[in-house]
Amino acid sequence: MVIKRSYEESTLEEKSLRCIIIGAGVSGILMAHHLREAFGDRVGIRILEKNAEIGGTCYASSSEIQSYLKAVVLHYRLDPYIHFNSKVEEAVWREDSSTWSVSVEGRGKFDCDILVNAGGILNNPKFPNLKNIDSFKGQLVHTAAWDNNIDVKNKRVAIIGAGASAIQVLPEIQSAAANVDIYIRTPSWISPPAGAQFNGEHNHIYTEEEKAQFRDDPNHSLRTRKDMESSFNCMYRAFFKGSDEQKQFVKKLDTHMRELIHSEGLQKGLIPSFEVGCRRINPGERYLEALQRDNVEPVFSDIQEVTPTGIRDADGTERPVDIIIAATGFDTSFRPRFPIIGRNGVDLRELWKTNPVSYCGLAVSGFPNYLIFLGPNTPIANGSLIGALEATGDYFIRLLRKMMTQQVSSFNIRADVEADFDMHTQDFMQRMVWTGSCRSWFKNDDGKVTAVWPGSGLHYREFLQSDRWEDWEWKYTANRFQYWGLGFSTVETVSEGQERDLSYYIQSHPNLSREVLEMVDCKRDKIINGDDSDESAGELVSKEFKASEYEEEESCKTSETSWDDEDLLKKDPVTGKDSRTKVSLPEVAAFSA
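The opening residue of the sequence shown carries number 1 in full-length UniProt numbering; numbering runs sequentially from there.
Please keep in mind that the hints were generated in silico from the structure rather than gathered at the bench.
The structure displayed is predicted, hence computed values, not measured ones.
Just so it is clear, CB atoms sit at the ideal spot from N, CA and C, and this is done for glycine as well.
Heads up, some of the hints might be wrong.
In the EDC-like style, the derived pairs of lysine to aspartate or glutamate whose C-alpha atoms are separated by at most 20 Å in a straight line are [said to hold, decoys possible]:
| hint | residue 1 | residue 2 |
| --- | --- | --- |
| 1 | 70 | 53 |
| 2 | 211 | 229 |
| 3 | 109 | 96 |
| 4 | 353 | 331 |
Pair ranges (Cβ atoms, derived) [to be verified]:
| hint | residue 1 | residue 2 | range |
| --- | --- | --- | --- |
| 5 | 490 | 64 | 40 to 46 Å |
| 6 | 339 | 437 | 34 to 40 Å |
| 7 | 473 | 109 | 24 to 30 Å |
| 8 | 490 | 427 | 42 to 48 Å |
| 9 | 178 | 40 | 57 to 63 Å |
| 10 | 343 | 490 | 30 to 36 Å |
| 11 | 132 | 273 | 30 to 36 Å |
| 12 | 223 | 132 | 53 to 59 Å |
The task is simple: from the sequences and hints, build the whole structure.
Pasting the structure below:
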């Protein structure tokens, strides 16, 4: 709760808040850690997780990723904040108290100042809308709600779907099942595994020696992480329609898939004709191998109906099965599973029923003090997602710090700003492959791209770092300047006995801003000689500037490269390679959202 401050309190003293986080996946765990690290006990945290364990949407060995998340929770002592089997039924904004009231199934109501939705977009399984599906007498299961009691050994199995879920499931069940029919409506571009340029063409199993090297050599670990991250971040140019990089991307993956698919008939059905990146790119070489086994039959006809004993396709062929696996993904409409009631009784489910619009995927106008991880138009297909989540968490912390130090009772994104973002985004998307000819959950039924950020992953991070507090409406508990208190600065109010610097503003170059100092340090020779063409530096630096005032620093040597050298800007800061070169297959890591 934000408490009204008296004039006797010191400047920028942080007040307490209560925060409820919905979801204990990567985003929820990350946010809780950020809150603890930034504010300690000044923020009360409650994480509501509908399932019995922490988790999220994972690729690779999901049990290994879940074990890692559990280790993170224990290491940072976040487990006391997590409440399992806590399914949120409703969240209602209370304007009079500037709080949210959250109803939890079987547990009552909880109030909070900040509501963070960290449930993600891929958390609500979507079953196919097929005629007579309820008449099926066998076992029906969704990949996102897998029943561990299901045994496919020597069973006739049907998989509906050919996206990321099916691509992961088929190789795992193919050898045990008697036969597998897989119904493919839209094919997917298949890439090598993530990090293939570092670990080879197959999912790499690290040796104990390699693990020891990561543990014992922090620089090696850092270089590897940065190289892999850079390999994702260099791909953005390939997602512009008609770009040379896109054409090369198509050529490379087309060649790659033809090398793995030996039948011309299967090549025709499995290699897409749409742009690479129009829908999710999947690492799935084992999937292509499994598709070509004798006990697997790809079915490219539409499904007409489900019968009590099998599936009948549009050609009238009925195939008997014992188990139907719905690999049909999730409800990606962004509509929450439960009512979220904002100002004036508006239900977010109804507001987003046909057209989900938000402020950069972070907030929604009319829903104060409500923050979102992975809302509409966030970078789910623009590079590494974990880095984007971390940047989002950092942004939320800065926003909450402003709230806690400046007597803000509520914040709300401006409606005109939200509309401007949506207009810019949809105009921008017309040049991108995400508005291509494929079927994709990146866009809604009208073709509007609702899921992807209008820029690169690095562009998203830079945007967040700019804060843009002018985009928000701030409601204060009192006069907006009352948080100044008696006018003391924070450095003047440190506890007795603690060291304080009452002249911290006097540094080696007192009259030059940090921006100017950086320019001076890197350009001083040309400035001194008067032959620099950059007028901005000349305007900022005093004419009385003398070379004798500055010492040579080894870190500022730039060889013979000028400040505006385009070649320098092209180079990847980690590898030193030209980041604008056309993408070649070894650099095309699996670009999975």
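How the hints compare with the structure:
no. : hint                  : verdict
1   : 70 - 53               : 9 Å, holds
2   : 211 - 229             : 19 Å, holds
3   : 109 - 96              : 17 Å, holds
4   : 353 - 331             : 12 Å, holds
5   : 490 - 64: 40 to 46 Å  : 45 Å, holds
6   : 339 - 437: 34 to 40 Å : 36 Å, holds
7   : 473 - 109: 24 to 30 Å : 27 Å, holds
8   : 490 - 427: 42 to 48 Å : 44 Å, holds
9   : 178 - 40: 57 to 63 Å  : 58 Å, holds
10  : 343 - 490: 30 to 36 Å : 34 Å, holds
11  : 132 - 273: 30 to 36 Å : 32 Å, holds
12  : 223 - 132: 53 to 59 Å : 56 Å, holds
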